[in-house]
Amino acid sequence: MEESTFECRQDPAHPGTRVLKVAGEVSIGVAGEFKGALVGALAGGSEVQVDVSALTAIDLTGLQLLCAAHHSAGTAGKEFHITDGGNPTFRDMATSAGFRRHTGCAYDRACSCIWVGGDN
Amino acid sequence: MIDQHRQAFKEEAYELLAELESSLLELEERPDDQDLIGRVFRAMHTIKGSGSMFGFDDIASFTHEVETIFDMVRNGKLQVTGRLVNLTLAARDQIRAMLDAADSGEATDLQASAEIIVGLRELAGFQGQVAAAAPKEEVHEAKKDQVTYRIRFAPAREIFVSGTNPLTLIAELRELGACTVVAQTAGFPCLEEMNPESCYVYWDVILTTDQGENAIRDVFIFVEDDCELKIEPIAEHNRYEEQQDYKRLGEILVERGDISSEDMKAVLSQQRRFGELAISQGILHEGKVQAALAEQQHIKEVRQEKQVAEASSSIRVPAERLDLLVNLVGEMVTVQARLSQTAAQRADGELMAIAEEVERLTAELRDSALNIRMLPIGSTFSKFKRLVRDLSVELGKQIEMTTEGAETELDKTVIEKLNDPLVHLIRNSIDHGIELPEARVAAGKPERGTVHLSAVHSGDSVLITIADDGAGLDKEAIRTKGIERGIIPAGAELSEKELFNLIFAPGFSTAKTISSVSGRGVGMDVVKRAIEALRGSIDITSVRGEGTRITVKIPLTLAIIESLLVKIGNDSFMMPLALVDECVELTREDVAAAHGRNLAHVRDQLVPYIPLREHFAIPGAPPEIEQIVITQVNGVRVGFVVDHVIGEHQTVIKSLGRAYKDTEGISGATILGDGTVALILDIPQLVQAAEAAQE
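So the protein lines, in turn, are chains V and E.
Going by the working numbering, the first residue of the first sequence is number 1, and it counts up by one from there.
Going by the working numbering, the first residue of the second sequence is number 1, and it counts up by one from there.
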């Protein structure tokens, strides 16, 4: 099994924006760690960008966490984005799990749903 | 009854084969196009399925082999290669041959079938013998009813603990058939409250499958106790109800129990889109509406696919019925003309009002009846694509065919009759026009030649152009040949146009070698004759070294022509207006001045004329002043002498029937408003006959 890494840093160009780079395989084994990383990133700034371009696999727990993080960010008035850099693995996983959609969910007031459309 | 179905199958199969051919040719250009691969697969699948249903077992089992290969292509297990396209084209021809043979009762070439199958199997990496027949159950499977199910799958929170991955179950569902999956995320807690190892999501799945409900239940067999599972059939795809719209969004939601019907009525009492409304009022989660919308979309797509397969947007009608309809409309037009005439004569206001109404309706009826017979010329064009491909391979030339105006519509009969002449013209372009690749490069042209085929409307005609960027016509070679063949006298001064027209002379060919494609010296005169039979004309322009352009002008329909009504004695005749140049008078003095030669002076030019009264041996004396209707055929002006010119007339052409089939100089007849018959003159033929008589 490939190692997974969660690396959180400050976006130098945009103060207040935290970039969480997720790489490797995100599965139930690291779900707790992933949750911790997301909570940490959200606590550290007003905007969080999760970069999944180097992700090689993600299971249902990972997708759930991303969705919940978006939900939390929305409630707290923060912004939450995903950049996948066209990562086909991530897109395929999200599509086959039925997460991809045309409009955001009930919590999505700002049309920021992470599953709508393509990149960003 | 059975015969009728077999016939319907054959017609459908021929159509599918034509589509298959064009898809394959496109596929050769764009081998990665999944859409095209799907089209090829579906065409094969349909031929196989309905073939076995109507007892064409040999076709079904043969097609099955090809279908299997394309299933592999579709699943990405096999690449589209030139060899695959070649073999599949050969297979397509073989299926066609089998269809043709089914009627005549002849045996088809089993050897050829076996060779194609072996070739295909080699491609697919199969070893071993060719099986005699396809597995039967596979053939029948296609006929099973497709049912769409609505599935709600809500796994228990702790499903992950048991090591189950719900996504693999979803993936298994996808394998059962067309599947739309919507994950419901509305019940998610905030991130902080979420147990990362619990499952919060549930799914609404719409699945269309022919496997039955038990197959779906089997997918969930190991998690049955660990989840909430609802499976209900929502649509069977072989019912008549399909013709209606699928359920409305509200109905779907009520059926699913996502919303009560009271709530829905309350929402509906306001006039906005239901989905938006329900969400804005907080009755529903967006996700649920999303799922319901997905269901609508899914059913729509499944139906559309079915519709494409069945082409249910149109109905199939035998061509004879259309001909009958057009014939009846033709008689109707005639009767209507009589009605109008009678009404006018009686000066009866009420009758005239009715006659006018009938006139308007008849005109509309006539137009739409003729419209039904109109077909886009595209189907003919795509046949030529194959021709060009095969010929260029045979001749070692590189040729690309481009088309334009494939949507241009022409009368069905015209399109059918145009096929052979156009094939001949294209063959000529490829054989004589386009040079070999080396010669092209030497001449500074791209290696690959082009044949451009276009169709465009021009007034009441269609112009079909075949243009190539080949060597162009060699004027000197044509002149030499013309003299050699005794078609023109040595030293004759000919315009470019007249020179080019020589190639339409019987027995003319400039090709030095005879190939299988053309060059036998028969053809161009036949082409010209065929085009003229369609009341069309043909025109050539060519620049040496740059290419040749042949334009064929064809009337839109054969059923109606604008014509000039003339009278000789008590007989009426029609002359196609398109050929008429002008009318001049012919007095007794003029005749006397010509000393028995049939020549008239028109603005200092001599125009030969044909006295029709003599030609048709009509008794009685001509009037003092006769009329010459001057026509132009192939650039030559010839007059026809008649007693009186009545005027323009829209003529519904009636054929003369078999007994008069060989009558020369007459191309048909029509019935006039007063009920009398007028014959339609075949002007080009009359001119030819007169020329022949002169010599």
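A portion of the hints provided could be inaccurate.
Taking lysine to aspartate or glutamate and the EDC-like style, the derived pairs with C-alpha atoms no more than 20 Å apart in a straight line are [stated by the list, open to error]: (1) Lys77(E) / Glu15(E); (2) Lys417(E) / Glu122(E); (3) Lys383(E) / Glu122(E); (4) Lys78(V) / Glu15(E); (5) Lys383(E) / Glu26(E); (6) Lys78(V) / Glu193(E).
Facing chain E, a subset of chain V residues (Cβ under 10 Å, in silico) [what the hints assert, rightly or not]: (7) Pro15; (8) Ala68; (9) Met93; (10) Arg100.
For the record, the hints were derived by calculation from the structure and aren't laboratory data.
Built from N, CA and C at the ideal position, the CB exists for glycine as well.
| Where does the structure disagree with the numbered hints, that is, which hint numbers, in rising order? | 1, 2, 3, 4, 7
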